[in-house]
Amino acid sequence: MSVGAVAEWAAFVILAFIAVAGALGMATTMSMFRSGIFLMGSFIGVAGLFILLSADLLGLLQIMMYIGGMLVMILFMVLFSHDPGGSMMAGMEMSLVERLFSLGLSSGTAEMEHGDTGATGDMEAMGGAGGMAHEDMGDMGGMDGMDHGAAGDMAGMDHGDMDMSMTTPMKRYAAGLAVVVGAGLVALLVLRPAWPISSVTPDPESARVVGGLLMSKYMMAFESAGLLILVGIFGAVFLARPGRYPDQDARDEYVTADEPPPPIEEDAPPRGEGKKPAPAARSLSVLEAHVDEGDGD
Amino acid sequence: MDLALRALGAMGALAVATVLTWLLEPRLLSSAAEKGVAAPVGVRDEKHLAQNPDTWMYSAGPILAVLGVVFAVVVIPWGDRLVPRDLGIGVFYFIVVLDFVVLGLSLGGWGANVRDSVDVYYRGVAQLVAYVVPLGLAYIGAIMMAGSLSTQRIVEAQAGMWFVVLQPIGFVLYLVTGLMQAYRPPFLEPFSAFIGGGVFGSSSGGRAIGWRIAMSATLFLVAAMGAVLYLGGWRGPVLPGPVWMLIKTYGLMMLMVWGGARFRLLTAGRMLELSWKILTPVGLANVLVVGALILLGVGPT
Chain A
4 MSVGAVAEWA AFVILAFIAV AGALGMATTM SMFRSGIFLM GSFIGVAGLF
54 ILLSADLLGL LQIMMYIGGM LVMILFMVLF SHDPGGSMMA GMEMSLVERL
104 FSLGLSSGTA EMEHGDTGAT GDMEAMGGAG GMAHEDMGDM GGMDGMDHGA
154 AGDMAGMDHG DMDMSMTTPM KRYAAGLAVV VGAGLVALLV LRPAWPISSV
204 TPDPESARVV GGLLMSKYMM AFESAGLLIL VGIFGAVFLA RPGRYPDQDA
254 RDEYVTADEP PPPIEEDAPP RGEGKKPAPA ARSLSVLEAH VDEGDGD
Chain B
62 MDLALRALGA MGALAVATVL TWLLEPRLLS SAAEKGVAAP VGVRDEKHLA
112 QNPDTWMYSA GPILAVLGVV FAVVVIPWGD RLVPRDLGIG VFYFIVVLDF
162 VVLGLSLGGW GANVRDSVDV YYRGVAQLVA YVVPLGLAYI GAIMMAGSLS
212 TQRIVEAQAG MWFVVLQPIG FVLYLVTGLM QAYRPPFLEP FSAFIGGGVF
262 GSSSGGRAIG WRIAMSATLF LVAAMGAVLY LGGWRGPVLP GPVWMLIKTY
312 GLMMLMVWGG ARFRLLTAGR MLELSWKILT PVGLANVLVV GALILLGVGP
362 T
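Sequence order for the protein chains is A and B. Each residue of the first sequence is one higher than the one before, starting from 4 at the first, in our numbering. Each residue of the second sequence is one higher than the one before, starting from 62 at the first, in our numbering.
Here chain A stands alone, though its shape is the one from the complex (with noise of 0.2 Å):
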C-alpha cells in the first residue's frame, strides 16, 4: 500500500471510531450536556466519511449544520432539564460504558460519601441556566446525599420521582432493538453481491454542480422546502407576536379578571356622611379621613 492509501485507511478509522464511540457516548453519558456534544461528535465523524468519500460540500454542509443546530438544541436540553451537568447522576452505580464516557464528571466513589457536593456545583450550573427554582435543587441534592448515604447499590431502586432522563428502564430493550438493526445493516453489507465502483473522478467544483442541479433538476423540493421554512418562520412569528397580554402586569390582570371587583365604596371610607364623593373630590375626602382617623386618636 501506498502512503495515501495507508492514511486513507488510518482517516477511516479514526472516523469511524468517532462516529461510533459518539453515538455510544450519547447514549450512555450521564451528563444532558456531554450527550447533545457527543452526538454532535458522532455527525461530525460521519461528515469526515462523506470528506473521505471526496463528497466535500456535503460533509462541510452537515459539520456546519451540526455545530449551530447542537449547540442551539443543548441550550433548549439544558433549559428543561433538572441535571444538564449530570453531577448528580454521575454519582450513580454506573456500567462500565456509562462509567468511561462520564469520565470528569464527578470524582465517583469520593462522591459517595460527599454527595451534595454534586449538588453544589450542579447549583452553580443550574443558576446560569435559570430556569430552575434553587431551593428545588437543594432538595433534589440532599436526596440524592442520602441515596448514597444509605445504600451501595443503586440498581434495585426506584428514583421514578426524580425525573433521571439518562435511567430508563426501557435502556436494555432499546440496546437490543440498536444490535438487531446494526446486525441487520452489516449483514446487509456483508450478503450484498457486488458494489458498483465508479471510475468518475470527482468534481473539484463540486458546489458548482450541487448548485446547479438544485436550480435544475431539483427545483421543486428546493423550492418547497423553502416554502416550508418560510411557513415555520411565519409561525415562530405568529407564536411570539406581543399578544393582548405582553408583560406580567397584563397577565395578572387576565387571570384575576374573573373575580368581581371590590366595590368603590371601600377604597375611600366614608365617615358618616351617606354621600359616595365624586371621582374628582374623592383624593380630598380622602386626605378628609386620614384627618379624622387623626381627631380620633
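One side of the interface only, derived from the structure: several residues of chain B facing chain A at Cβ under 7 Å: (1) 149; (2) 150; (3) 160; (4) 171.
Which chain A residues stay away from chain B? Per the calculated CB distances, all over 12 Å, these: (5) 17; (6) 22; (7) 26; (8) 29; (9) 45; (10) 52; (11) 172; (12) 173; (13) 179; (14) 185; (15) 187; (16) 196; (17) 197.
Heads up, incomplete: computed chain B residues facing chain A, CB under 7 Å, no partners named: (18) 115; (19) 116; (20) 154; (21) 157; (22) 167; (23) 210.
For the record, the hints were derived by calculation from the structure and aren't laboratory data. Heads up, the beta-carbon is just placed ideally off N, CA and C, and yes, glycines get one too.
On the provided structure of chain A, position chain B as indicated by the hints.
Chain B only, in chain A's frame:
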C-alpha cells in the same frame, strides 16, 4: 514533503500574525471602555472554579478553538499560487471551520461550571445565531462576482477592480458581521466584564493562553478574509504578494477594531435585533444589487 512544507508555512504565518494581532490590538483599543478579549491574560491567576467542573469539556474548549483557527488558515492566500491549500470550496470551508471556535467557547464555558462562565455558552450561541446569516450574505456578493468559492479565484477576479468599489454595502456588512464573528467591541457580550470576562474569568495558565491565541487568530483570520473578499487579497503594485496581504489585513483590522470601539456595547438581544431587522435585509438587498450588476456586465467577466 511538499505537504509538510505547506503545513509548516501556514502554521508559521498563523503564529506570526497571531503575535502581531496580540500586540497590536490593545493599542487600538486604548480608548475603549471595555477591552474584552484584548484585556491582558492572567496566566498565573488563581481562578475560582465550582466544585464539579466537567474537566474534559473544560480542557477540550481551548483545544478545539485553536484547532479551528489552525484549520481555517489553510485557505488564506498569500500570493500567486502561494496558498497552503487552494480548496474548491475554500470560502465555505473557512466559515465552517471557524465555527469550531464557537464550539470550543461553548465547551470551555460549560465545562468550567462557574455561573459566569456557563453564561458564555448561552450568550455565545445567541451571538452565533445573530451573525451566521448576515455573515453568509456578506460573503455571497463576492462569491457571485468571482463565480467561485476558491479564495485564489476570488483574488484573481479582482485584478481589474476591488470588490469594495463594486459592492460597498457588502463591505460594510462584512465589517459588522466580522466584528461579531471575532467577538470584538461592540459585540463582546460573551467576554464582557458583566460576566467576569467570560472564559477568561475561569481559565488560567495554558487554557488562558490557548483562548488568547484562538481569539487573536480569529480576529486576524476575519480581517484576512475581508482583505481577500473585498480588498483584492495579495494583489498590488511593486511590493510582493505576502506584504500586500499583510498590509491590507492589518489595515482592515485597524479599521474594524478602531471603528467598533466607537460604538456602545450591544447585548445579545440587541445583536439579534440588529441581525434580523437590519443586517439580513441589507444583505439580501446587496445580493440583488450584485446580481443586477452582474447582469449589466459590470465586474469581472
